[in-house]
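Enquirer: As a plain string of letters, each chain reads:
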Amino acid sequence: MSTDKQEREPLFSAKNRKLLTNPLNIDNPITVQVLGICSALAVTAKIKPAFVMALSVIVVTTFANLIISVMRNGIPPRIRIIVQLVVIASLVILVDQVLKAFVYDVSKQLSVFVGLIITNCIIMGRLEAFAMGNKPWPSILDGVGNGLGYGIILIIVGFVRELFGSGTIWGYHVIPEAFYDFGYKNNGFMILPPMALIIVGIIIWIQRSRNPELIEEN
Amino acid sequence: MYSNAYIFRYAGLMVILVAAILSSAAMLLKPMQERNEAVDKMQSILTAAGIENVNSDNAIELFNQYVTNMIVIDEKGNVIDEYKDAGKENSEAFKVNLKEQLYNKSVNRSFRLPLYVLDKDGETINIVPLRGVGLWGPVWGNIALKSDFNTIVGVTFGHKSETPGLGAEIETPVFEDQFPGKKLFNEKGDFVSIGVIKGGVENFPADVQRHNVDAISGGTITSNGVNDMIKNVLESYVPYIQKRG
Amino acid sequence: MQELFNIFVKSIFVDNMVFAYFLGMCSYLAVSKTVNTSVGLGLAVIFVLGITVPVDYLLNDYILKPGALVWLDPEFADVDLSFLSFILFIAIIASMVQLVEMVVEKFSPALYSSLGIFLPLIAVNCAILGGSLFMQEREYQSLAQATSFGLGSGVGWFLAIVGIAAIREKIRYSNVPGPLRGLGITFIITGLMGIAFMSFLGIKL
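Chains as they are written, first to last, in our numbering: chain A, -1 to 216; chain B, 960 to 1204; chain C, 7 to 211.
Okay, chain A solo, but in the shape it has when bound (with noise of 0.2 angstroms):
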């Protein structure tokens, strides 16, 4: 198993903050690695679904990358792919059935995004191309970096959709009355999901406009 007993580099050191930092911008993973998108597009008609998921899939991240890390060494290759799903599965649905017993409420919110969440290709994403191959500290970072970056794009589509689809942020009316007296409409385009591919392909043309170096040839 992995003993760090040679050069323990610091918890924070400049690759560590690496690990967290580069998911938020030049690679994240919905705009650069291309993960996670069904669920992108189907909880950001509203920002606050948008912000329950996104807090999700940070936990599950975090702790699927810390568990896969530590068992790394001894999952046989043929099998890894069923060994990652059932690590994923048995964590959310064990969570699920403690908070219908619990806290049933809570879980009648959640519920919906269960299903989402196991099948989330950024869990099994970062698990295959990062915590297979690390240590649990660093794949800790990796999990919390890139559901944050995960987070952000959620939080934006979110906050664009809602204002612009239904007039609300976070459920309260923005838009003032007097503007719908002016004739304006709330865009109910905005809040089908075809929408958000345009508003995260959007997104993408900002970022890369930023960071040149992103830009593919075709």
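By construction, these hints were calculated from the structure, which means they are not laboratory data.
Ideal Cβ positions, reconstructed from N, Cα and C, are used throughout, including at glycine.
Only true hints are included.
Quick list of in silico lysine to any residue cross-link-like pairs, SDA-like style, CA-CA up to 20 angstroms:
hint	chain 1	residue 1	chain 2	residue 2
1	C	71	A	95
2	C	16	B	1180
3	B	1054	C	85
4	A	106	B	1099
5	C	39	A	203
6	B	1000	A	99
7	B	1119	A	95
8	B	1119	B	991
9	B	1064	C	148
10	C	71	B	1090
11	C	176	A	214
Not close to chain B: a few residues of chain A, all C-beta gaps over 12 angstroms, as computed:
hint	residue
12	135
13	146
14	209
So the derived label-pair ranges between C-beta atoms look like this:
hint	chain 1	residue 1	chain 2	residue 2	range
15	C	114	B	961	21 to 27 angstroms
16	B	979	C	182	53 to 59 angstroms
17	C	144	A	185	31 to 37 angstroms
18	C	83	B	1041	24 to 30 angstroms
19	B	1016	C	202	50 to 56 angstroms
With chain A held as given, fit chains B and C onto it using these hints.
Expert: Relative to the frame of chain A, chains B and C by itself:
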């Protein structure tokens, strides 16, 4: 490389471990979950009837206080079972598995459905539980009718996994508050159900407004699911309603 | 027979996994650079869906759903194992995917290397798990119906990814603004295709 024997041992051990953890969790927590579900069902029934300040602590007590009769009917409209005593959560009507019975209906087998009768300040209210399919999973609800079995007093809806912000809006007051006052039967006395339509109900003639509410924008499939659910479930009660005269 | 055909056509066009439910997006966006790889991945998805949906149907019918264990012993009529459906469906999917991975690696190393990380990711391709969960929810009444639904959903996904790949091959000759090239424009095109496919929603079969 790992030997096949190791892979089998590893997989076997993992399966047993996970199965043990999950099933013991499910078994230990089941009584609490079932109680929570029953309380939630009661809350939803009471809220549909317009009873205020229902919470998970007083739901059982209020349920027994307001509900006067719990009836089970069959597909021909005959009353099979009635229950008027205390401990309503143990009645046959409360235990009917709606999903199973509606499946029986869809394959033309005989079925039985529950009906809850409430007495709210001297007024009789009938509650019909609903169940159908939305976009991603089941949707359900309760519809409260006046003693004429025609005018709607209130509704509550619930869902398992509709899209947040779109289909999930069926459980918000914005959608539910459209229902009170709508009618199930037209002026001739034929069953028309309550429809969910697009384009703003207020733009339609009065006879359409009488039986329809606005759909959820962006939640077309869920709205259609609610539409079909109300029609499918309530039409099963028509023989019973007509028998009462 | 006609009903099977209806389910098949419906799951390709009306209930298209990509454009109606927006499932399986990650691999759809990332692997659709060329038509060749898209055809490969699309076929893999048809294959995996065509196997997992019927297998999960049997699993659900004989083991998971409430009262399903009656065939073992009438005493088990009250047993409800549906809390296990998520994990068992996933396990079936993951083993099928691993199987496909081994077969592809053996017979077509070129396809294997171009699919790369996305082959394991079929396992979390939400379209696949979605297929099984929809099957459970919609209560198909026979194995044949479940199979035709599984295959239809796979074909729908195949059509979607081959369609976008063909557009992406052509768009290479267009003057797309630099930062939008590649992923950005693909997102936007998919959104537009999704809007177009919404017109199928009105069809009742």
